Amino acid sequence: MPNAAASLSLGQLALRFGCALRGDPARPVDSVATLAGGARSLGFLANPSLLPQLQAVQLAAVVIQPRHADRCPVDALLHANPHATFARIASLLHPPAPLVCGVHATACVHPSASVDPTAEVGPFALVEEGAVIGPRCRVGAHAILGARAWLGADTRLLERATVLAGCELGARCIVHPGAVIGSDGFGNARDGEEWMKVPQLGRVRIGDDVEVGANTTIDRGALGDTVIEEGVRLDNQIQIAHNVHIGAHTAIAACTGVAGSTRIGRRCMIGGGTGIGGQLCIGDDIVVAGFGMVSHSLTEPGMYSSVLPVEEARHWRRIVGRIKRLDALNARVKKLEGSVGASQGEDDEQY
Amino acid sequence: MPNAAASLSLGQLALRFGCALRGDPARPVDSVATLAGGARSLGFLANPSLLPQLQAVQLAAVVIQPRHADRCPVDALLHANPHATFARIASLLHPPAPLVCGVHATACVHPSASVDPTAEVGPFALVEEGAVIGPRCRVGAHAILGARAWLGADTRLLERATVLAGCELGARCIVHPGAVIGSDGFGNARDGEEWMKVPQLGRVRIGDDVEVGANTTIDRGALGDTVIEEGVRLDNQIQIAHNVHIGAHTAIAACTGVAGSTRIGRRCMIGGGTGIGGQLCIGDDIVVAGFGMVSHSLTEPGMYSSVLPVEEARHWRRIVGRIKRLDALNARVKKLEGSVGASQGEDDEQY
Amino acid sequence: MPNAAASLSLGQLALRFGCALRGDPARPVDSVATLAGGARSLGFLANPSLLPQLQAVQLAAVVIQPRHADRCPVDALLHANPHATFARIASLLHPPAPLVCGVHATACVHPSASVDPTAEVGPFALVEEGAVIGPRCRVGAHAILGARAWLGADTRLLERATVLAGCELGARCIVHPGAVIGSDGFGNARDGEEWMKVPQLGRVRIGDDVEVGANTTIDRGALGDTVIEEGVRLDNQIQIAHNVHIGAHTAIAACTGVAGSTRIGRRCMIGGGTGIGGQLCIGDDIVVAGFGMVSHSLTEPGMYSSVLPVEEARHWRRIVGRIKRLDALNARVKKLEGSVGASQGEDDEQY
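Chains as they are written, first to last, in my numbering: chain A, 1 to 351; chain B, 1 to 351; chain C, 1 to 351.
A few of these clues could be false.
Unchecked claim - With a straight-line Cα cutoff of 16 Å, these simulated EDC-like cross-link-like pairs (lysine to aspartate or glutamate) come out: (1) A/Lys335 - C/Glu337; (2) C/Lys334 - B/Glu337; (3) A/Lys335 - B/Glu337; (4) A/Lys197 - C/Asp208; (5) B/Lys324 - C/Glu311; (6) A/Lys334 - B/Glu337; (7) C/Lys335 - A/Glu230; (8) C/Lys324 - B/Asp327; (9) B/Lys324 - A/Glu337; (10) B/Lys335 - C/Glu337; (11) A/Lys324 - C/Asp327.
What the hints assert, rightly or not - Some chain A residues judged to face chain B by a derived CB distance under 8 Å, without partners named: (12) Ala214; (13) Asp284; (14) Val307; (15) Leu326.
Claimed, not checked - Derived CB-CB ranges, DEER-like: (16) A/His315 - B/Arg314: 22 to 30 Å; (17) A/Gly192 - C/Ser7: 26 to 34 Å; (18) A/Arg71 - B/Cys281: 21 to 29 Å; (19) B/Leu99 - A/His315: 49 to 57 Å; (20) C/Pro301 - B/Arg40: 37 to 45 Å; (21) A/Ala105 - B/Ala39: 52 to 60 Å; (22) C/Ala97 - B/Leu99: 34 to 42 Å; (23) A/Arg71 - C/Glu193: 39 to 47 Å; (24) C/Gly302 - A/Asp285: 51 to 59 Å; (25) A/His315 - C/Lys335: 15 to 23 Å; (26) C/Ala97 - B/Asp327: 57 to 65 Å; (27) A/Pro48 - B/Cys281: 18 to 26 Å; (28) C/Glu312 - A/Ser112: 52 to 60 Å.
If you are wondering where the hints come from, they were derived from the structure by calculation, not from laboratory data. Computed from a predicted structure; not experimentally measured. C-beta atoms are modelled at their ideal positions from N, C-alpha and C, and glycine is treated no differently.
Could you put together the complete structure from these sequences and hints?
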């Protein structure tokens, strides 16, 4: 929960974030809020379906697209991208807690580790042999940075985040509590009825500006590396298997799993609860709706889905029965086609 | 694993828990067990399909409904709700380990935090600035209570449970190991091909008597709060996104994900592995069978499902082929209907 | 990330691992690699579809089946099971970091715990009352071994792994970071609109040579125990509910959930993202493809699936509409059959 900051005027905000201002430049703003917020807060409206809610707004001002300005009964900051502008202003008004430079008395830092003097290492944090912590990094309480691991400038490992030996993160990353980066991949070789563990020898390499959600796990590569390019956003409880490669600016929502050696392109958006099989290639600009099952490669940009929305349970059971007898239904239609002499609708024996 | 307690007599148990006793009031009971347990243990039977198992029972007694009493060959405690009565007796006979009041020598407690003298703060626990710990709370080993967070009386954070800044829990809650309460929601605004982080400024507010499972994550609200009302039960590895609201006494089984701003009513039961989309409204008394995909709001109480049970894999592949060609099958039927002059079964062009 | 070791000759490797050698016995090997590796590395080829890649290989040698030896342009170690042989050699060349025997200065070990002098207890580790740590075990940084818990010889709890009170692990197990073994099962009894917690009194018992993935959770039994037999492999973020029993040498991929009291046989392979319902019986040698929904018992060995691969989203929406109207389509076909006097294809009223 970021802190509150001092107030700024609408004029200062307009200047700083490149907005046109419609209203009083001296009006003070000290926080951001929903459209239901109070007289010293700033809201935003990006979704036109919410325009009717503007009637009752009592905010200091609203960040809004120029074409909707006339609908806004209070002052307005006009910008083509209200959501991103709002995010920037919110980050300014509610910055993260300032760093407490230095190593907490209870932390355990190996003498060979390199900790920039502007970085913070929190209570019970562990920094192992040869690890490198860049300027203005934060290694939170109970976080672990393994041997020879590497954090770029301004990167923050939050509470209990774990980055294991040899893994590298770029600048300005955030790793949320409980995430594990660099766990062993699931590498097993059959030997009779037993499994032999295959040593997992690669690393995880993460670019700049990546966010990794709470309790998400990213396995190290088996031989090569697992790679997360810059700007990727991973939500909570995601599993990324060994040797996966995720392209820049792709966002993946919670509870998604990506199996080994799959390559996902740039700017993809993967909905929550999605499963992506192993050794697939997902191109750039692919969108998968939540709960999708991706079991083959996808190359064409576009939106994909396999969600089956819930039905009333008894009706659903009847439908499942119908689904499981689709072969029989098809045969009945084929027989009817024979009876009436219709031309067959398709080559039925291809499956 | 709770401890064993001293023994009690059947007469004492009957009196304390409002049961009619059929048998020897002096018979001692020192533990609870399955129907296969021994002569000093108490079992229960709630599911009538297990009645035949009673024949071989060697327990001290069985908690059972009055209408089944005649089937029980040993002593019986009669109660309309055997399962709940058994749960109460089990809690009495096997209480959690007693608290060790005070702060462990290795814990780290900020001087401004308020720790009730009857509370326990375990090894390597971290209690940050301004946090408040109520009477008889337990903050387990490696648990974290963030700045200005708040625990009501008798609440227990178990090992490695993490409650981040500003979040509040009511009385008698249990947070299981590895759970994270108050992680940032997945708030991102598009800006060209990049994502801007939207600061997550709300909190998580949890009512009384809530249980949060191991490695479950509950995100703080983006602007308002994420709210879990009293008596909610969350199993392991559940993900609750920002600004979700869960009504009282709802139970959600493991591996379920609930996307942002969705509102779930009271007394719902959500099966394991369910996905619930964002910005939906799920009413009171809704039951969703396991593996359901909820992508639209549900208002009518009742049971919902979209589970597709596994089939032999080759047969399933044929079925998937049929499913994907349902449009073509429908067209063939329509053509047949034209051929035989049948009236069309439905308005086929609505989709 | 295991360490590098000294080099060995091909002759030494052939002798030690029972391979026929085709090439120079004196050639040195100091690491394993993919087929793209360098002149002092060893690769392997098990999948015949990769044979064309051998053309460009510059490795010291390749572990390969005898029948493919002629296709290999560099030296070859011939073995019927190249993958398992490669795993063994990789383990030799890249052993895990050696143990640092003894208890780290920051660890917290109860005086009644038994720690073998050859074991390592890492920074901030917690070993509680009466716990037993066998020879050559590693209790990693921030790991927790609860009261009266038990680790067999050579077992390793990695960073932040948590084994709660009374649970037992056999020899040579590995528990990856963030895993929780012995959390309470989801035991709740309805009492009016409230839930009563049912104390979870059993343990988790794990056999020899079991691997438990990062952030996986295994609940203790409600009354009896949860049991994982020897040689089982559990990937990351798996949930195993109370009183589940998993047979020897079964492997389960990531993000799978198994509900309470289900019994899974030996040598099963369960794909990632699978859901397995409660109180089921899954036989030996069952294979479930990823994203499967197992809601009934499976007894016949074989492969099962219910995966629905994603489609282009608009097409998929049309298909979902068709699926939900399968009853109507069936009725139309039945009516057609009546019209043309065809015999009905199946007993349609059984559902």
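> Is 21 to 29 Å right for how far apart the beta carbons of A/Arg71 and B/Cys281 are?
Replying inline: 26 Å, holds
>> Just to be sure I understand the hint, the distance between the Cβ atoms of C/Gly302 and A/Asp285 should be within 51 to 59 Å; is that true here?
In response: 39 Å, violated
>> Hint A/Ala214 vs chain B: min CB-CB distance below 8 Å?
In response: Holds, about 4 Å.
> Should the interface hint for A/Val307 be scored as holding, given a Cβ-Cβ cut-off of 8 Å against chain B?
Replying inline: Because about 5 Å separates A/Val307 from the closest Cβ in chain B, which is inside the 8 Å limit, the hint holds.
> Do the alpha carbons of B/Lys335 and C/Glu337 lie within 16 Å of each other, as the hint requires?
Replying inline: 14 Å, holds
>> Against the range 52 to 60 Å, how does the distance between the Cβ atoms of A/Ala105 and B/Ala39 compare: consistent or not?
In response: 56 Å, holds
> Should the hint that A/Gly192 and C/Ser7 are 26 to 34 Å apart at their CB atoms be regarded as holding?
Replying inline: 30 Å, holds
>> Given the hint of 37 to 45 Å, is the C-beta distance from C/Pro301 to B/Arg40 inside that range or not?
In response: 43 Å, holds
>> Can you confirm whether the C-alpha distance between B/Lys324 and C/Glu311 stays at or below 16 Å?
In response: 9 Å, holds
>> Verify the CB-CB distance for A/His315 and B/Arg314 against the hinted window 22 to 30 Å.
In response: 28 Å, holds
> Within 16 Å, alpha carbon to alpha carbon, are A/Lys324 and C/Asp327?
Replying inline: Roughly 13 Å between the alpha carbons, so the hint for A/Lys324 and C/Asp327 holds.
> Within 16 Å, alpha carbon to alpha carbon, are A/Lys334 and B/Glu337?
Replying inline: With Cα atoms ~13 Å apart, A/Lys334 and B/Glu337 stay inside 16 Å; holds.
Hints 7, 9, 13, 24, counting from the list given before, are not met by this structure.
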